[in-house]
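**Q** Note that the protein sequences, when read in sequence, are chains A, B and C.
To convert, note that position 47 of the first sequence is 45 in the working numbering; the numbers rise steadily by one, no gaps.
To convert, note that position 69 of the second sequence is 378 in the working numbering; the numbers rise steadily by one, no gaps.
To convert, note that position 229 of the third sequence is 1413 in the working numbering; the numbers rise steadily by one, no gaps.
Be aware that a few hints might be false.
[What the hints assert, rightly or not] Derived DSSO-like pairs: lysine-lysine, alpha-carbon spacing no greater than 30 angstroms straight-line:
(1) K1275/C x K270/A
(2) K270/A x K443/B
(3) K243/A x K1275/C
(4) K174/A x K163/A
(5) K1275/C x K414/A
(6) K275/A x K163/A
(7) K371/B x K36/A
(8) K36/A x K1275/C
(9) K234/A x K1447/C
(10) K1447/C x K1275/C
(11) K1275/C x K213/A
(12) K45/A x K243/A
(13) K44/A x K371/B
(14) K382/A x K1303/C
(15) K443/B x K109/A
(16) K382/A x K1447/C
(17) K1438/C x K443/B
(18) K1210/C x K414/A
(19) K214/A x K1432/C
(20) K443/B x K1210/C
(21) K270/A x K36/A
(22) K1202/C x K382/A
(23) K1432/C x K243/A
(24) K344/A x K290/A
(25) K1438/C x K414/A
(26) K371/B x K275/A
Keep in mind that the hints were calculated from the coordinates and are not lab data.
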Amino acid sequence: MSFFRKTIVAAAIATVFSIPAFAETTLNVHYPMPGFFKDVMDVISKKFMEENPDIKINFVSPSATYEEGIQTILRQAGTAEMPDITFIGLNRLRMIAERGVNLDMEPLIAKETDMESQGFSDNILRLAQVGNQQVGLAFATSNPIMYYNADLIRQAGDNPDQPPKTWDEVIALGAKIKALGNGNEGIDFRWQGDDWMFSALLFGAGGTMLSPDEKKVAFNGPEGVAAFNLVSRLVKDGGMPVLTKQAGEQAFVAGKVGFTFQTTGALRNTIKNVGSKFDLRTGPLPLLNPEKGRLPTGGNAVVILTKDTAKQAAAWKFAKFAAGPYGASVVVPGTGYVPNNELAAKSPEYLADFYKQNPLFQAGLNQMNLMIPWYAFPGSNGVKVTQTIVDNLSRVVEQTATPEEALNSAADEVQKLLPRR
Amino acid sequence: MKNVALFSMRNLRLGILSAGALLFLTPYIWMISTAAKSREEIFSSSLTLLPQHWALWENLAKAFSQVPMGQLLLNGLIVCALIFFFQVAIAIPCAYAMAKLRFRAAQTMMTLVMLGLLIPIHATALPIYVALNKVGMLNSYFALSAPFFISVFGIFLFLQFFRAMPDDLIAAARLDGMSELAIVNRVIVPNAWPAVTAFAIFSVVAHWNDLFWPLIVITGTERATPPLGLLFFRAAEAGDDYGALMAATLIITLPLVAAFLLAQRRFIEGITLTGLKG
Amino acid sequence: MREIATTHPLPDNRFVAKQAAIRAAKREEWVAWQLAAPAILLIVVLILLPTLAVLVFSLTNYELGYDDFQFVGLDNYIELFRDRTFLISLKNTAIYTAIVTPFSVFIGLGVALLIEGEKRGRTFFRTVYFLPVASLLVAMATVFQYLLHPTIGPVNAILSMIGIAGPNWLGSSSTVLFSLAIIGIWQSVGFNMVLFLAGLTAIPRELYAAAEVDGAKGSWERFRLVTWPMLGPTTLFVTTISVINAVKVFETVKTLTEGGPNKSSEVLLFTIYQEGFVFLRVGYASAMTVIFLAFLIVLMLVQYRVLDRRVHYT
Chain A
-1 MSFFRKTIVA
9 AAIATVFSIP
19 AFAETTLNVH
29 YPMPGFFKDV
39 MDVISKKFME
49 ENPDIKINFV
59 SPSATYEEGI
69 QTILRQAGTA
79 EMPDITFIGL
89 NRLRMIAERG
99 VNLDMEPLIA
109 KETDMESQGF
119 SDNILRLAQV
129 GNQQVGLAFA
139 TSNPIMYYNA
149 DLIRQAGDNP
159 DQPPKTWDEV
169 IALGAKIKAL
179 GNGNEGIDFR
189 WQGDDWMFSA
199 LLFGAGGTML
209 SPDEKKVAFN
219 GPEGVAAFNL
229 VSRLVKDGGM
239 PVLTKQAGEQ
249 AFVAGKVGFT
259 FQTTGALRNT
269 IKNVGSKFDL
279 RTGPLPLLNP
289 EKGRLPTGGN
299 AVVILTKDTA
309 KQAAAWKFAK
319 FAAGPYGASV
329 VVPGTGYVPN
339 NELAAKSPEY
349 LADFYKQNPL
359 FQAGLNQMNL
369 MIPWYAFPGS
379 NGVKVTQTIV
389 DNLSRVVEQT
399 ATPEEALNSA
409 ADEVQKLLPR
419 R
Chain B
310 MKNVALFSMR
320 NLRLGILSAG
330 ALLFLTPYIW
340 MISTAAKSRE
350 EIFSSSLTLL
360 PQHWALWENL
370 AKAFSQVPMG
380 QLLLNGLIVC
390 ALIFFFQVAI
400 AIPCAYAMAK
410 LRFRAAQTMM
420 TLVMLGLLIP
430 IHATALPIYV
440 ALNKVGMLNS
450 YFALSAPFFI
460 SVFGIFLFLQ
470 FFRAMPDDLI
480 AAARLDGMSE
490 LAIVNRVIVP
500 NAWPAVTAFA
510 IFSVVAHWND
520 LFWPLIVITG
530 TERATPPLGL
540 LFFRAAEAGD
550 DYGALMAATL
560 IITLPLVAAF
570 LLAQRRFIEG
580 ITLTGLKG
Chain C
1185 MREIATTHPL
1195 PDNRFVAKQA
1205 AIRAAKREEW
1215 VAWQLAAPAI
1225 LLIVVLILLP
1235 TLAVLVFSLT
1245 NYELGYDDFQ
1255 FVGLDNYIEL
1265 FRDRTFLISL
1275 KNTAIYTAIV
1285 TPFSVFIGLG
1295 VALLIEGEKR
1305 GRTFFRTVYF
1315 LPVASLLVAM
1325 ATVFQYLLHP
1335 TIGPVNAILS
1345 MIGIAGPNWL
1355 GSSSTVLFSL
1365 AIIGIWQSVG
1375 FNMVLFLAGL
1385 TAIPRELYAA
1395 AEVDGAKGSW
1405 ERFRLVTWPM
1415 LGPTTLFVTT
1425 ISVINAVKVF
1435 ETVKTLTEGG
1445 PNKSSEVLLF
1455 TIYQEGFVFL
1465 RVGYASAMTV
1475 IFLAFLIVLM
1485 LVQYRVLDRR
1495 VHYT
């Protein structure tokens, strides 16, 4: 596209949204986890500004985590400091929506005619919906996968080309690796921090967090029991040590752990940290219920905050661009996230070749059909609820409570934290 | 006999000190070692102090390219200087009034100072944030430094120092017909250098390293302080880039260590003279 | 004063002198107020008013992100004392302080005594022990996390060389508080050392000579009879600062453990931060802050009552 034509297109779009055609708009953009997204953001914004010379992207200082990000936004809500665009963890969108901080994208999407052909399928749009609101567009999405150390599996006498398909096989092999001695550990499972990996077990068993009307805890049903029991067995039978999140990651990349289960989003960094120390492989996450099992979607969505209508038009352009096929084609190789955009995943113009050349990345891609939204709890105690679940899981991991005890107290405590209405 | 015992006693002392020093230095040795390693080498099952491939320059370069390190260091310098200047300018006259003048509110002031010592910025952060926001002063050097313009610790330190200072000096100045303000400027301040040096170390160390407050009031890189800059290397979900993080830490820590090395004799002298001794 | 006295020789000299003295006192009082005014103003604006605001917040259900709030009386406080997390956090803070304060004070004293008695390498040792004070704790915490790693960390590797199975320092709920305390001690010893060094320098040499004449021959006797009593005020000050700093522990917890596992490293400031900035319940967090301040103030009062009697001021 020549510059001339690009300008015409830009002007045309600008007119549609009735902003002065050549007025320069500056968008302040905030995002979390710079160690992860900085390069990606730089690439995307550069390309965006090339295509939209009338819009300037200005990054405000990023937040270290999703939690810190949302705190920053809520502190700044309604003040002049509030950025125009932010990227928010998929499970925290509800918090933003319930406080009315964001712009509902529904009317904007209704005006578009080619969302589907741009790769925004209904399934993908749903990831960032709360109630009837389209809070954002999924930007980077991930699902949980299995990472394994093929060298250790070989040492334990198994074939790494046939990785375990069920949790029972994982536990058996984990025990064998632990038995190798020399400080080797069988399994590491990312249960710390938030409820995401617990969701992976629960959804993988076909369970849900709450009842359909969101009034009652439902994770203490048979699926939840299976999930808690599995965690206990990972420790007791599979040789899973009690590690902090960082310690677990470090032990795995040092080559001392057979399996680790965590987000595919960590893939790029894991590859870099492992280097050539051992033969790193990835595989699908085993499901407790292979038929009904689903997986939670991690990652974040781009959310528009600005109340200024002229800025909103520009912000919508950027949101579509970042979450669109070009954005995905930058995010996926840069991080390990799975494409949040179907066009990007399938089109050779974007990522098809990448996946052929980088088989480690395929584990996440192959699970895309299983992805359902990361459940966000209602009410103002959302973060506390996830904390309660993690605390009770840690009792199981430390073996200071039986899975039943821990599950029951988790259910009781969470029930109390749900809105009474 | 006695000489031998003394000799071994001295060596024992030196031995304990050295062992302790090694213990205290371990994290730094490890930090430098990590800063010199490539990402692949940092976490491995075999523990080595010396990297196989020196990646120190790479990591340092990464530290400088990921963040505007020069700007960060400059911001740190400006903020620390602003804070230090105002703290001293406000604390010295107050401490002088409390120590050397007939000041009936001195006792009440003392209570206020002790109370102030107990209230950390963590406790008052939110109201101050709200207020700064109301006047539209967030994201500025002012927002970074103003909440710390008053240092009750500083008042306390100078108070102790002035109490130990002989009255004759001040009396002589009064006899010369100097006003109290002139006395503060021309007699007290020049004689307070040791205390000022000691206080400088406390103040600069605290504010150079502070992360809590900058995290709250700063949202743009152009006003970020060095610790805030370190956040660029952190990625909670995916593990940190430790080599670059350690290299950046090294860059940020070095100026302070150098400053302490330069000032340390005066520093100890200063605290000695402040009467914290007893 | 001198001018008045010399240039106006009046009959009742004593009366005039008294009058002048009163006037001088008034003037001095006025000057004192002027000199202290900026400090008073800032203490009020930056410390007292915000504290008062926290007190007011603590009576409301204010949440970040919502515009309105209601006064809820003492509800937050009532909830507080039923809140398991808060009670655990209170307990952990007390334990942490009880470990860190004595160790950092006595190691600080020990190091100061050794350095004071040793002529060689003074500058070096002072710098080395002070280094942790001058370092960025957030980043050093990351180093400690690696050092204390249960499987690939050097500390446990060394322990296993001498046949000890190292603990799971930061990972297990039984050792995590202890591990954090080690880092806390490492960080604060240098600070205390410097204060003690200053205190030691100020003890007059003659006192030691006098003690020797009185029959105090050994170094322990000298320490017991001279050094320790003379250091009284320094010790009081160092202990006070150590307690305050220990109670304020936050950064290591935030970077290393996030209060876990299962709240076993939950400490007051971290809980307040969680409630206020993560759960966004400013009203509730403010109530905690008020309790936190009350806790500190009571602690200080008790400490001064106990120690002040034993301290020997010169």
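**Q** Assess, step by step, whether the Cα of K443/B is no farther than 30 angstroms from the Cα of K109/A, and give holds or violated.
**A** violated (38 angstroms)
**Q** For the pair supplied as a hint, K234/A and K1447/C, is the alpha-carbon distance within the 30 angstroms limit?
**A** holds (22 angstroms)
**Q** Compare the distance between the alpha carbons of K174/A and K163/A with 30 angstroms, and conclude whether the hinted pair is satisfied.
**A** Cα-Cα ~16 angstroms, so holds.
**Q** With the threshold set at 30 angstroms, check whether the alpha-carbon distance from K1438/C to K443/B stays at or below it.
**A** holds (29 angstroms)
**Q** Are K243/A and K1275/C close enough, with their CA atoms no more than 30 angstroms apart?
**A** holds (25 angstroms)
**Q** Is K1438/C close enough to K414/A, meaning Cα to Cα at most 30 angstroms?
**A** holds (26 angstroms)
**Q** Within a Cα-Cα threshold of 30 angstroms, do K344/A and K290/A meet the stated pairing?
**A** holds (26 angstroms)
**Q** Take the C-alpha atoms of K1210/C and K414/A, compute the straight-line distance between them, and say whether it is at most 30 angstroms.
**A** The given pair, whose Cα atoms are some 64 angstroms apart, is violated under the 30 angstroms limit.
**Q** For K382/A and K1447/C, compute the direct alpha-carbon distance and say whether it is at most 30 angstroms.
**A** holds (13 angstroms)
**Q** Given the hinted pair K1202/C and K382/A, is their Cα-Cα distance within 30 angstroms?
**A** violated (69 angstroms)
**Q** Please verify whether K1275/C and K213/A have alpha carbons no more than 30 angstroms apart.
**A** violated (34 angstroms)
**Q** Please work out if K270/A and K36/A have their alpha carbons no farther apart than 30 angstroms.
**A** Holds, at about 17 angstroms.
Hints 1, 2, 8, 11, 12, 14, 15, 18, 19, 20, 22, counting from the list given before, are not met by this structure.
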